[in-house]
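Engineer: Sequence:
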Amino acid sequence: MTGFLETFLAHGQQTLLLHYPLVAVASVLLALLLRKTVPGMMLFVWQMLALVAALLISGSIAAGLGSMNLAHTLHGLAILVLGMVLIREICLIFFRLIVPRLGMRPPRILEELLILLAYGAWVLIRLSYAGLDPSSLVASTAVVTAILAFAMQDTLGNILAGLSLQLDHSVHIGDWIELDDISGQVVQVQWRHTAVRTLYGEMVLIPNSHLMKSRVVLMGGSSIPRRLRTVFFYAPFALRPAAVIEEIETALASAEFEMMAVSPPPVCLLHDFSGGVMTFAIRYWLLDPTSPGRADSLVRQHVHAVFQRQGWPMASPGMDVQLSRRLRHGDANDLSLPDEDETRLGLLRSSGLFTPLLEEELHELARRLRPMHYAVGSILARQGDTGDCLFVISRGTIAIWLEAHGSRHKLAELGAGEIVGEMSLMTGEPRRATIMAHTDLDCYVLDKPSFEAVLLQRPELAEAFAQLLAVRKRELSEIRDTMPAATTSDEKAALLARIRKLFRLG
Numbered sequence: 021m022t023g024f025l026e027t028f029l030a031h032g033q034q035t036l037l038l039h040y041p042l043v044a045v046a047s048v049l050l051a052l053l054l055r056k057t058v059p060g061m062m063l064f065v066w067q068m069l070a071l072v073a074a075l076l077i078s079g080s081i082a083a084g085l086g087s088m089n090l091a092h093t094l095h096g097l098a099i100l101v102l103g104m105v106l107i108r109e110i111c112l113i114f115f116r117l118i119v120p121r122l123g124m125r126p127p128r129i130l131e132e133l134l135i136l137l138a139y140g141a142w143v144l145i146r147l148s149y150a151g152l153d154p155s156s157l158v159a160s161t162a163v164v165t166a167i168l169a170f171a172m173q174d175t176l177g178n179i180l181a182g183l184s185l186q187l188d189h190s191v192h193i194g195d196w197i198e199l200d201d202i203s204g205q206v207v208q209v210q211w212r213h214t215a216v217r218t219l220y221g222e223m224v225l226i227p228n229s230h231l232m233k234s235r236v237v238l239m240g241g242s243s244i245p246r247r248l249r250t251v252f253f254y255a256p257f258a259l260r261p262a263a264v265i266e267e268i269e270t271a272l273a274s275a276e277f278e279m280m281a282v283s284p285p286p287v288c289l290l291h292d293f294s295g296g297v298m299t300f301a302i303r304y305w306l307l308d309p310t311s312p313g314r315a316d317s318l319v320r321q322h323v324h325a326v327f328q329r330q331g332w333p334m335a336s337p338g339m340d341v342q343l344s345r346r347l348r349h350g351d352a353n354d355l356s357l358p359d360e361d362e363t364r365l366g367l368l369r370s371s372g373l374f375t376p377l378l379e380e381e382l383h384e385l386a387r388r389l390r391p392m393h394y395a396v397g398s399i400l401a402r403q404g405d406t407g408d409c410l411f412v413i414s415r416g417t418i419a420i421w422l423e424a425h426g427s428r429h430k431l432a433e434l435g436a437g438e439i440v441g442e443m444s445l446m447t448g449e450p451r452r453a454t455i456m457a458h459t460d461l462d463c464y465v466l467d468k469p470s471f472e473a474v475l476l477q478r479p480e481l482a483e484a485f486a487q488l489l490a491v492r493k494r495e496l497s498e499i500r501d502t503m504p505a506a507t508t509s510d511e512k513a514a515l516l517a518r519i520r521k522l523f524r525l526g
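Under our numbering, the first residue of the sequence shown carries the number 21, and numbering increases by one thereafter.
I should point out that these hints are in silico values taken from the structure, not numbers from a laboratory. Heads up, a few of these hints could be off.
[As the list claims (entries may be wrong)] Estimated spans, in silico, between C-beta atoms of each pair:
1. 60 <-> 301: 17 to 27 angstroms
2. 263 <-> 303: 56 to 66 angstroms
3. 303 <-> 428: 23 to 33 angstroms
4. 147 <-> 56: 14 to 24 angstroms
5. 194 <-> 270: 28 to 38 angstroms
6. 303 <-> 383: 41 to 51 angstroms
7. 361 <-> 477: 55 to 65 angstroms
8. 433 <-> 62: 20 to 30 angstroms
9. 477 <-> 301: 19 to 29 angstroms
10. 283 <-> 110: 44 to 54 angstroms
11. 376 <-> 310: 26 to 36 angstroms
12. 289 <-> 462: 26 to 36 angstroms
[As the list claims (entries may be wrong)] Calculated pairs, SDA-like style, for lysine to any residue (alpha carbon to alpha carbon, straight line, at most 20 angstroms):
13. 56 <-> 71
14. 468 <-> 329
15. 468 <-> 403
Even glycine gets a Cβ: it sits at the ideal position worked out from N, Cα and C.
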């Protein structure tokens, strides 16, 4: 027992006098350098050092028991493990800290391959120190290597294909691809497979060799920033295709979509004549590949809103019954129900703008209101444009935006019962702000001919409207704080002159 302890302690003391403590300290310092760049590096190093300590203690025990060959073997394994730890740390420092500062981004699979080759070289060096000839070892295992390569040809093919994918930068992490019946975002490119997450949340693992042999469509991501999409809709033959295309393109160009490219703008085309209807196609550039369905839905909502505003019927393929009369703009307004008339009158009565009107004049004005529908994001009027109508909101909200010096500032949000655009209608002034549908919006439009018909019957109404507009103009000036507020009498005189001139009241 005394001889075992003496041999154990002597062997342990000799181990401590060697390079093991110095290498262990160096590995810990390098791990501290990598702790932010490589998560889990410190845990890995401590585990490897614990393995080295176990091998050294086992070697000392074997030496105390008189098995020197086993002791040398265990100590050799400890050196091998320490060397592999240092190799990994040095390679990671080179690839994760030095190379990025040089402006290069090598693929991760190249880093792992070089680390693996360094491991193999280190093992051959240790074998040569143990007295084995590496060349003879390689020659003796050539047949085994050939058999393994033949048996693992699919795996090796996937590994080489994964290396090729990362070296030629054809597919990046974050790209959206389509392969056969699989469509999704690339989240990982591993040795053997490429992981793709679909829009349904599924994770699909595609062998790299299959990815290299098949046709892959890049749909989005860093490689393809946008993708062209097409939305179809149908209209009856009674409508003029040019009018449909003009209205649709105008509505989509003035709307704001976060996921749709502004330039080039959406395009509407007459696609086909079949099934008893005209088929139209809207082509737009999608910026966000995660929301193709939502983007298509917004486009269809705007198409539906345009058809409602124009009083056009929509269609579907395969209809057997066709309309025999010609559609005229405004036909939809002739079908007003009594309840709708009461709604219009209620909106006009609740507004202080029309207080100068008599009851029969309110009825006449309500009859001339045209119902309109706007989808969220639609522009009702743009700042600086000539205005010839006002809007009476019946459902939803609008936002008033002031555009100046290349920026946009929200002045107010107005809801049901509010009236906007009256200044431009009654004075002919350009629009002073941009009016946008903040939500899906139902409103009534009063145009210049309809208002003129009422005003010409009683020209003295011009003075009353001028007084109301002067007050509203001062309130708007105070909100915007962009001009000094004039007196109400001055504003009234200027506005009265504009109204008389616009409506030819003398």
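Engineer: Does each hint fit the structure? Answer for all of them.
Structural biologist: Status of each hint after checking the structure:
no., hint, verdict
1, 60 <-> 301: 17 to 27 angstroms, "52 angstroms, violated"
2, 263 <-> 303: 56 to 66 angstroms, "19 angstroms, violated"
3, 303 <-> 428: 23 to 33 angstroms, "28 angstroms, holds"
4, 147 <-> 56: 14 to 24 angstroms, "36 angstroms, violated"
5, 194 <-> 270: 28 to 38 angstroms, "36 angstroms, holds"
6, 303 <-> 383: 41 to 51 angstroms, "46 angstroms, holds"
7, 361 <-> 477: 55 to 65 angstroms, "20 angstroms, violated"
8, 433 <-> 62: 20 to 30 angstroms, "54 angstroms, violated"
9, 477 <-> 301: 19 to 29 angstroms, "49 angstroms, violated"
10, 283 <-> 110: 44 to 54 angstroms, "50 angstroms, holds"
11, 376 <-> 310: 26 to 36 angstroms, "54 angstroms, violated"
12, 289 <-> 462: 26 to 36 angstroms, "29 angstroms, holds"
13, 56 <-> 71, "24 angstroms, violated"
14, 468 <-> 329, "18 angstroms, holds"
15, 468 <-> 403, "19 angstroms, holds"
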